Amino acid sequence: MGPMAVDTHFIKSEGLAEIDIGEVRKGGEKADARQFELLKVLGQGSFGKVFLVRKIRGLDTGQVYAMKVLKKATLKVRDRIRTKVERNILAHISHPFIVKLHYAFQTEGKLYLILDFLRGGDLFTRLSKEIMFTEEDVKFYLAELVLALEHLHSLGIVYRDLKPENILLDADGHLKVTDFGLSKESVDGDQKTYSFCGTIEYMAPEVITRRGHSTAADFWSLGVLMYEMLTGRLPFTGVDRKDTMQQILKAKLTMPHFLSPDAQSLLRSLFKRNAVNRLGAGPDAAAELKQHTFFSSIDWAKLYKKEINPPFKPAVTTNDITLYFDPEFTKKTPRDSPALPPSAAAHELFRGFSFVSPMVIDEMKEGVRKSTIRNAKTTPFSDDYDIHEEIGLGAYSVVKRCTLKNTKKEFAVKIVRKAEHDCAEEVDILLRYGAHPHIVKLFDVFEDETSVYLVQEYCRGGEIMNRLSRVTEREAAQIMSALANAVQYLHSNQVAHRDLKPANIMFASPGGEIDSLRIVDFGFAKQSRAENGMLMTPCYTAQFVAPEVLKKQGYDRSCDIWSLGVLLYAMLSGTTPFSTGPTDTPQQILNRVGQGKFSMEGAQWDCVSEGAKDLVRRMLTLDPGRRFRAHQIATHPFITQRHSLPVAPTTNLLDMNVIKTQIEQTYRALGSTPQVSLCDVNASALAQRRKRIFKANENFNNNNSSQ
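Per the UniProt record's numbering, the sequence shown starts with residue 1, numbered consecutively.
In short, the hints are calculated from the structure, not lab data.
It should be emphasised that the depicted structure is a prediction, and the values quoted were computed from it without experimental measurement.
Where is the CB? At the ideal position from N, CA and C, for every residue including glycine.
Treat the hints with caution; some may be incorrect.
Okay, the calculated beta carbon distance ranges per label pair [unchecked claim]:
1) 172 / 437: 34 to 44 Å
2) 462 / 396: 17 to 27 Å
3) 462 / 94: 53 to 63 Å
4) 233 / 599: 50 to 60 Å
Pairs of lysine-lysine, BS3-like flavour, derived with a Cα cap of 25 Å [claimed, not checked]:
5) 441 / 377
6) 84 / 110
7) 110 / 129
8) 71 / 100
9) 250 / 272
10) 272 / 252
11) 302 / 250
12) 597 / 613
13) 40 / 100
14) 30 / 100
15) 305 / 290
16) 250 / 290
17) 377 / 313
18) 30 / 110
19) 252 / 242
20) 100 / 305
21) 377 / 400
22) 110 / 313
23) 40 / 30
24) 71 / 110
25) 129 / 40
Turn these sequences into a full structure, and let the hints steer you where they fit.
Right, here's the structure in full:
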């Protein structure tokens with residue numbers, strides 16, 4: 001439901017424009033609460049609850065909706081006005097990127113709004129998990145928002161509360177704007193409204209100064225949202241509400257250098273403190289934004305028709321459709337409790353509240369989504385396979401040995417928990433690129449209501465780490481040649497693995513022949529859409545992470561080269577470059593990674609060739625722009641002249657147990673540190689910020705109510 005927004009002068013300055021819905025209701029059926037089965041609680045506040053419901057009678061029997069139930073007696077006057085405004089606006093609007101009101105009705109004590117149920121949850125939840133998005137992702141979301149705002153503004157409506165919590169994702173990943181309680185109708189042309197309302201961090205300067213604002217205020221908020229999605233932080237935020245407002249009015253905006261020139265240009269055009277100069281404030285309104293070079297690749301007609309695939313598709317099925325909602329609410333028993341009798345004033349205010357959408361009659365029933373993974377089998381996995389012992393464990397999955405029942409052939413099955421990870425991209429990448437000899441093969445995919453089962457080839461030779469004690473320099477070059485070939489193939493197809501640690505490099509054959517080398521676990525892999533290949537999601541493992549990832553300033557496929565450089569360092573020396581001993585703290589290791597500091601001195605390096613050292617340096621170069629590419633590794637003398645390299649083991653100076661303990665201890669330490677792990681959404685910095693805003697706003701509103 002998001003934090004409470006500020007609307008101190010809402011009641012005094014806002015008029016209500018009734019929308020005549022008499023004609024709309026003629027073709028529809030009148031709804032009431034008895035026509036809806038309560039399934040789950042989606043949210044709850046002091047004003048009432050939001051339920052997931054199923055229609056059990058009428059033309060749209062079987063359809064699921066979100067039902068917002070408000071108790072008239074507990075609504076403050078401003079909340080009653082908000083609710084009526086929201087109902088009036090939604091009854092008037094039909095747009096692909098604005099939430100749809102299907103029914104509105106009331107009883108003596110309650111108000112009911114029946115809205116679209118958006119299975120993907122809100123954009124805030126996704127942003128909290130991924131910290132920030134790629135520019136291509138942001139471009140897609142902003143473009144859909146521009147179309148939504150363009151439609152609202154064409155109707156004379158100022159939205160006034162644009163923020164991630166009010167942007168929902170449908171089952172396919174398209175967004176819809178919701179929560180119109182603070183919107184203002186009948187603002188046309190040069191007309192202004194003077195309310196102080198919205199969420200502080202997203203307010204335009206003219207809203208804060210109360211000198212009057214128009215539709216251009218929404219474009220300032222769009223800029224704030226764009227900045228937040230691109231960087232993971234708000235452009236203007238202070239120690240308290242007053243400080244935040246001062247920054248919005250006066251602070252100089254810091255523009256991160258990793259943003260493209262087009263993105264920076266659009267942000268500067270939206271962050272004009274004089275609303276008259278702001279992009280979108282002119283006579284062409286939203287068309288000015290659509291013509292900006294940042295959106296040059298957008299086909300607006302296709303976007304409106306939803307013919308462009310969203311960058312993220314929620315991992316939900318019809319059996320578990322509330323994955324993206326807070327389990328604190330969804331675990332509760334859905335109960336529509338009795339309401340206190342309302343006042344006479346409430347009765348009068350909500351006269352004419354009932355509504356039936358004409359789309360209820362015209363629309364066909366939505367098809368049932370059987371699977372979140374294209375072509376996944378939905379029959380029980382145990383019908384075809386026997387599951388045996390565990391052979392691997394990840395952050396959101398477990399890998400077990402399994403055998404096909406009719407042939408007894410062995411495979412490895414990766415079982416991914418859908419509530420924690422969407423593996424659709426992993427499946428897609430393996431199906432597209434698994435034909436490469438050094439990429440693990442995917443044979444089958446199953447899905448049930450809680451998990452996805454990826455049946456892959458069984459790598460009997462184990463992890464490459466088990467060979468670190470006996471690898472020769474020639475073998476290290478052969479291994480690096482095979483891995484560079486596979487990585488070059490992935491990169492040429494715009495795919496970054498992003499987690500190339502030793503545990504994810506295995507041998508398919510028991511003998512560990514180099515021809516059987518396989519790159520496994522594509523759970524963090526991503527296929528880029530931006531031309532420069534920049535990837536913004538900060539996922540990584542332990543010390544096999546490039547410094548630009550730690551700084552959250554974007555990273556591309558050169559991160560994979562960094563990880564291969566760490567692996568080559570380990571194969572040649574029997575140590576890792578950024579862990580010097582068992583007493584190292586996670587922060588010490590992270591600091592060394594961030595500074596790119598490592599040493600190739602000591603007894604373990606005395607017998608290593610200069611060519612090998614040179615390749616390590618080039619692969620671990622701090623600047624990703626100067627770091628070697630995969631094709632440069634393949635043509636380096638250490639690789640091309642590998643047949644003349646020494647055949648004596650390079651790491652015979654160290655004990656294997658010491659090597660494994662040192663590397664595994666580093667992984668364990670870094671895996672448990674907050675800098676590496678992604679916490680629950682409610683524990684994220686974004687969520688904590690929202691809670692502080694909510695508490696401050698609640699206190700602010702309570703104080704004003706008592707005056």
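For residue 272 and residue 252, compute the direct alpha-carbon distance and say whether it is at most 25 Å. holds, 11 Å
Assess, step by step, whether the Cα of residue 250 is no farther than 25 Å from the Cα of residue 272, and give holds or violated. Since the Cα atoms of residue 250 and residue 272 sit roughly 11 Å apart, the hinted pair holds (cutoff 25 Å).
Taken at face value, is the distance from the CA of residue 305 to the CA of residue 100 at most 25 Å? holds, 16 Å
Does the hinted range 17 to 27 Å hold for residue 462 and residue 396 at CB? Given a distance of about 22 Å, which is inside 17 to 27 Å, the answer is holds.
If I claimed the Cβ atoms of residue 233 and residue 599 lie 50 to 60 Å apart, would that claim hold in this structure? violated, 35 Å
Are residue 71 and residue 110 close enough, with their CA atoms no more than 25 Å apart? The hint holds at about 5 Å.
Sort out whether residue 290 lies within 25 Å of residue 250, counting only the CA atoms. violated, 28 Å
Is residue 30 within 25 Å of residue 100, Cα to Cα? Judged against 25 Å, a Cα distance of about 17 Å means the pair holds.
Starting from residue 71, check that the Cα of residue 100 is at most 25 Å away, please. Since the Cα atoms of residue 71 and residue 100 sit roughly 22 Å apart, the hinted pair holds (cutoff 25 Å).
Take a quick look at whether residue 110 and residue 129 sit within 25 Å of each other, Cα to Cα. Distance ~36 Å between residue 110 and residue 129 Cα, so the pair is violated.
Is residue 377 close enough to residue 313, meaning Cα to Cα at most 25 Å? holds, 19 Å
Distance restraint between residue 377 and residue 400, which requires alpha-carbon spacing of 25 Å or less: Holds, at roughly 19 Å.
Going through the hint list in order, the structure does not satisfy hints 4, 7, 11, 16, 22.
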